[in-house]
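S.K.: Now for the letters of each chain:
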Amino acid sequence: MKVIFPFRDNYLWTFLIFFMVFACSGRYEKPVPVERQPEIFPDYTDVVLPPNIAPLRFQIKEGGEKFLVKIYTDSTRVLTVHTGNGIVRIPANAWKSLLYKSKGEDIYFAVWSRRGGKWYTYKTIRNHIASERIDSFLVYRLIDPGYEIWNNMGIYQRCLENFTEKPVMINSFSDGNCMNCHSFCQNKSNLMLFHMRARNAGTIVYRNGELHKVNTKTEKTISPGVYPAWHPGGRYVAFSVNRIIQRFHSVKDKKIEVQDTLSDIVLYDAQTNTLTTSPVLSSADRFETFPAWSPDGKFLYYCSAKALPPQEFNKIKYDLLRVSFDANTRKFGTEADTILSSAKTGMSISFPRVSPDGRFILFCMSVYGNFTIWHRESDLYLFDLVTGSMARPDINSDQAESYHSWSSNGHWIVFSSRRINGLYTMPFFAYFDGEGHFSKPFLLPQANPLFYDLFMKSFNVPEFVTSEINLSPRILAGIAKKEAEKTVYVEKEE
Amino acid sequence: MKKNNASVINSLFLAIFFVLHYLYFALFCRYHLGFQEQTQLFRFSSDYFLPFLSKPGGLSEYAGTFLIQFYQNSWVGAGIVTLVSIALFLVTRNVFKKFNIQGICWSVIPIVFITALQSHHHYYISSTIALVLALGFTLIYLHVKSFQNRLIIGIPGWIILYILAAAYSFLSLVIILLYEILERKEKNPVISGIFLIMGIAVPFIASWYIWQISTKDAWTFLFPLQIQTNVKWNLPALLLYYPVAVIVHKLAFAFIVNKFQGIRFRTIFSGMVILVLGGWWIQSKAYDAKTEIMLGIDYQVCRGRWDDALYLSSHYPGSNRVVTYYTNLALFNRGQLLQNLFGYNQIGSNGLFLSWETNNLTPLFGMELYYQMGYTNEAFRWAFEAMVANGLNPRSLRMLVLSSLVNEDTVIASKYITLLEQTFFYRQWAKKYRSYLMHPEKLDLDKEIALKRNLRMTSDFWADDKDFDKLLLLILYNHPENIMAFEYHIACLLLEKNLDALAKEAERFSQFGYRYLPKNYEEAILVYEALHRKNALPAGYYVSRETQNRFSRYLEKLGKYRNDPSAAANALYKDFGNTFWYYMNFYKGE
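Going down the list, the protein sequences come from chains P and F. Start counting the first sequence at 12; every next residue gets the next number (our numbering). Start counting the second sequence at 65; every next residue gets the next number (our numbering).
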């Protein structure tokens, strides 16, 4: 990141601005400098922003009767926000204009506070505006971060360029059932699916402008499809099929353990509503799960662990493998390659996602198991398929980092993190330079910076989507209550 | 003179009626009013208020939840319920007057239906508020005379009413239509047509274009459809009553002119009939004494009033797992669990805990045991699930705060404290724990938190209520000094009649500092020693002379009914019904 201005000393620049503001008003008083940046929440300091992100509204967590925030870049006018309570509501239009004109530049937040009749000025916060846009929408499920009971839940789409959030589907339209695992083909809003469980069970598939409800449970498979991964071609979906148990710990710092007792991967054909698998992906003595496609659709990446009984739950460690796939013949390779072994890492790998350029794999690692949101030690790791090197980027925290996805241009990731309070999952974004480096993550901005203090839901399975999903609960309610079309199992190919 | 007398009689009747109404709720329904207060949380904040605007009837619901917070005091709660019922009576009476229905008893009957509904702990006052609003708007509209004004007030007014009162606005619609058809001097079918169209179009537009709500919610929101018992029939009865009363009155007037102009009940007689029939209706069809007692025990347990809980438990008719669970909790807290376990109805070891169920009551009730026993993770889990099932509520939140502090999750504790700080009745409690977060040294000095921290599990195991005694042993393995787990373990063995295991535990009493063996344990040991002909007690412990004598008397009397267990049970109950021996011989399981 290049600093355009010759002034490396933020105080000098800060003083000049302050002087310009107050000298003209005849209210000039020399501010008292504070030798640190102000504490703000969310932490929007030293981050890289997309040029199309909604305003980064924040709360100044410093004492004061009045606050003044100046936001500026090297090439734009100063945007000023006054606040008496420390809540900085950056106006949307002015912010949008400022970012639009300042791609690739640094953006500064200069903060003053007034207390006891004096003004104090803090070290200027510096962020950077990337040239690369972020996908316009983020889709997530809002759920209670609980155990077994659910109440209100829904899948929502949030425009990242403003604060608009709309429901895609909410369970008040489907008799209060559970819905999960929304998934999109290459971030496209018109090629997606999600599951419904309990009442009105089935998988809703939206493809070619049509909605279908299918029942992917067959007599040959362990369960209906669980974790989905769309093949880039948009016809196939790799699903895990799992039999899961959930148990509850008794010691502090641990709450829930979710583990597979059976697990395979199957291939669903959305065109013919059929299901098949491969011996490589459905061996009896291993758990195969978390499918993820390479961007060219020629490889399926997945996690695999030696099948162990439930009492040996803390010895189950997943490797990262891949198997070739030919979309024309719908055939998998006969052998899988081990990309990363848990024996080598000493940890268990889960949630692999390949970058859009096919070079990197982002995944989670935890001490054991795979349901990483309940593993506090779970972190994100990056594997370079070209160099074969693995790194733990500096985007992790001492709380769980878990589900993640790439933006369509590969320059942004979103991931779930419990770093704020250890229980409620929130979505964080980070810029990726394409060479293996991430910027500092920042939290999804909200219209009210105090939103996260009182919000009682977790943001689950955040996925980027390039455009608005043209579905709503009203539209989906009709298909939701219909009988699901039964998926037919086609014998696996030897 | 006659008119004055009638007026006095009316006033007297109403006064008696509403005083009785008030006393009914204050004395006979106070626990379920208290329960409603405990299962919802009114907060003074915009983020709490705004979601109420996302559905029709939201503002009535908001008003209802605002009032329910005052149910903390049962006298105030009963007063609120009665005042709203009085408002309903007044607005009903004035609406009926527009139809020339004069007798006050006509207007009292809906109160009987509402009282029956309100007797159920799942009926919330927001429904009554919405009904009052609906009838209030109806009254305003019925006073408007000109066609033009009826359009100006009626159309936007009814739309606003739908936003405020949701499903109850349809009742207003029906009454308005009846008035337009039956009572208007200048009838105009256009207005009736407009109202009919509005009644169909407005909910449709609301659910499709304004709010994200299902069709069902658009038509029924605020109706107490969650009530599943026969009490639910009071709702259609109430809704139908208004149009039926109007039609019946009109028909009767049409056929019998003059003599019964504006049918009046003969107030004293009809008032008496209403009081008697209404009372009978509520007592037999609506009032659930067993649930009220159960909620009363819950109320007392939440406040640590163990003796009051035990008193109510002793008056509970029949058998109920929640009641037995709470009874045993109260017995433990009174130091009586192993002294007087069989002095109360027992249902085997299942009466010591609640089995996990994914409903809104079990987690709410069951968390208390685990918190008291120091099994904090489980207390947190049950409290969290209770919060998910019921929505934000003070009981769950307080338990979440306490268990989070015990587990040193101060950030998450702070989140829950923030919610309680926004309430009127719990902010002081929240303030105390907020100060702990600001000054962590205070947390270390809090006896309750310190005690629970000392009892935290250090060796991991899974939550599993399929074998409760195994769970107790795991807790004891973590903390052999956990006296509650120990006493529950002994109680479990007693209730399972496991004499061998009981005998093995004799040594442990000294670890907990028992100078004398608890009575029920003595009783079990006597049986063990009689069967095995050996002494089971370690040095320093012996069965008291009193228990030994009592055992002799029991055996002697039991012997007289050797061939008639049923007669034996009856004969022995009075003197020995509270002993282990009686339980062992005559309790055969649920």
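The set of hints was computed from the structure by calculation and includes no laboratory data. Ideal placement from N, C-alpha and C gives every residue a C-beta, glycine not left out. Wrong hints could be hidden among the right ones.
Taking lysine to aspartate or glutamate pairs in the EDC-like style, the calculated list, with each CA pair at most 20 Å apart, reads [unchecked claim]:
1) F/Lys280 - P/Glu76
2) P/Lys265 - F/Glu472
3) P/Lys265 - F/Glu485
4) P/Lys451 - P/Asp57
5) P/Lys129 - P/Glu76
6) P/Lys263 - F/Glu485
7) F/Lys530 - P/Glu159
8) F/Lys530 - P/Glu172
9) P/Lys263 - F/Glu512
10) P/Lys263 - F/Asp508
11) P/Lys468 - F/Asp528
12) F/Lys638 - F/Glu593
13) P/Lys177 - F/Asp111
14) P/Lys263 - F/Asp524
15) P/Lys493 - P/Asp464
16) F/Lys495 - P/Asp464
17) P/Lys72 - F/Asp352
18) P/Lys112 - P/Glu172
19) P/Lys265 - F/Glu610
20) P/Lys326 - F/Glu485
21) P/Lys497 - P/Glu221
22) P/Lys72 - P/Asp85
23) P/Lys263 - F/Glu472
24) P/Lys265 - F/Asp510
These stretches of chain P come out as covered by chain F in the derived footprint (C-beta under 8 Å, 3 or more residues) [to be verified]:
25) 149–161
26) 188–201
27) 400–410
28) 429–435
29) 483–496
S.K.: Determine for every hint whether it applies to the structure shown.
M.R.: Now the hints, each set against the structure:
With a CA separation close to 49 Å, the supplied pair lysine 280 of chain F and glutamate 76 of chain P exceeds the 20 Å bound. Taken as a hint, the lysine 265 of chain P and glutamate 472 of chain F pair is honoured in the structure, with Cα atoms around 12 Å apart against an allowance of 20 Å. Of the supplied pair hints, the one linking lysine 265 of chain P and glutamate 485 of chain F is violated, its CA atoms being roughly 28 Å apart against a limit of 20 Å. About 7 Å separates the Cα atoms of lysine 451 of chain P and aspartate 57 of chain P, which keeps this hinted pair within 20 Å; it holds.
Note on lysine 129 of chain P and glutamate 76 of chain P: the hinted pairing holds, with a Cα-Cα distance of about 10 Å set against a maximum of 20 Å. For the hint linking lysine 263 of chain P to glutamate 485 of chain F, the alpha-carbon distance of about 26 Å lies beyond 20 Å, and the restraint is violated. Of the pairs offered as hints, the one joining lysine 530 of chain F and glutamate 159 of chain P holds, with about 17 Å between alpha carbons and a cut-off of 20 Å not exceeded. The hinted pair formed by lysine 530 of chain F and glutamate 172 of chain P fails the criterion: a straight-line CA distance of about 51 Å is larger than 20 Å.
Of the supplied pair hints, the one linking lysine 263 of chain P and glutamate 512 of chain F holds, its CA atoms being roughly 17 Å apart against a limit of 20 Å. For the suggested pair lysine 263 of chain P and aspartate 508 of chain F, the alpha carbons sit about 17 Å apart, so the restraint of at most 20 Å is met. Simply put, lysine 468 of chain P and aspartate 528 of chain F have alpha-carbon atoms about 27 Å apart, too far for the 20 Å limit, and the pair is violated. As the CA atoms of lysine 638 of chain F and glutamate 593 of chain F are separated by approximately 25 Å, the hinted pair breaks the 20 Å bound.
Distance restraint check for lysine 177 of chain P and aspartate 111 of chain F: the Cα-Cα separation of roughly 17 Å lies within the 20 Å cut-off, and the hinted pair is therefore satisfied. Under the criterion of a C-alpha separation no larger than 20 Å, the hint pairing lysine 263 of chain P with aspartate 524 of chain F is consistent with the structure, at around 9 Å. Of the pairs offered as hints, the one joining lysine 493 of chain P and aspartate 464 of chain P is violated, with about 39 Å between alpha carbons and a cut-off of 20 Å exceeded. For the proposed pair lysine 495 of chain F and aspartate 464 of chain P, the alpha carbon gap of about 17 Å is at most 20 Å, so the pair holds.
A hinted pair counts as satisfied when its Cα atoms are at most 20 Å apart, and lysine 72 of chain P with aspartate 352 of chain F does not qualify at roughly 52 Å. For the proposed pair lysine 112 of chain P and glutamate 172 of chain P, the alpha carbon gap of about 15 Å is at most 20 Å, so the pair holds. Between lysine 265 of chain P and glutamate 610 of chain F the CA atoms are separated by roughly 50 Å; this puts the pair beyond 20 Å, and the hint is violated. At most 20 Å may separate the alpha-carbon atoms for a hinted pair to count; lysine 326 of chain P and glutamate 485 of chain F exceed this at roughly 44 Å.
Proximity of lysine 497 of chain P to glutamate 221 of chain P is assessed by CA-CA distance (about 17 Å); at most 20 Å being required, the pair is judged to hold. Using a Cα cut-off of 20 Å, the hinted pair lysine 72 of chain P and aspartate 85 of chain P is violated, with the two alpha carbons roughly 27 Å apart. Between lysine 263 of chain P and glutamate 472 of chain F the CA atoms are separated by roughly 8 Å; this keeps the pair inside 20 Å, and the hint holds. At roughly 24 Å between alpha-carbon atoms, lysine 265 of chain P and aspartate 510 of chain F are farther apart than 20 Å, so this suggested pair is violated.
As drawn, the segment 149–161 of chain P meets chain F at 6 residues by the rule of a beta-carbon pair under 8 Å; at three or more, the given contact holds. Coverage of the segment 188–201 of chain P by chain F is violated in this model, with 0 residues showing a Cβ closer than 8 Å to a Cβ of that chain against a need of three. Only residues whose C-beta sits within less than 8 Å of a C-beta in chain F count toward coverage, and the segment 400–410 of chain P has 0 of them, not enough to reach three; the restraint is violated. Proximity of the segment 429–435 of chain P to chain F, defined as three or more residues with a beta carbon under 8 Å from a beta carbon of that chain, is established by the 5 residues found.
Check result for the segment 483–496 of chain P against chain F: holds, 4 residues qualifying (beta carbon to beta carbon below 8 Å, three or more required).
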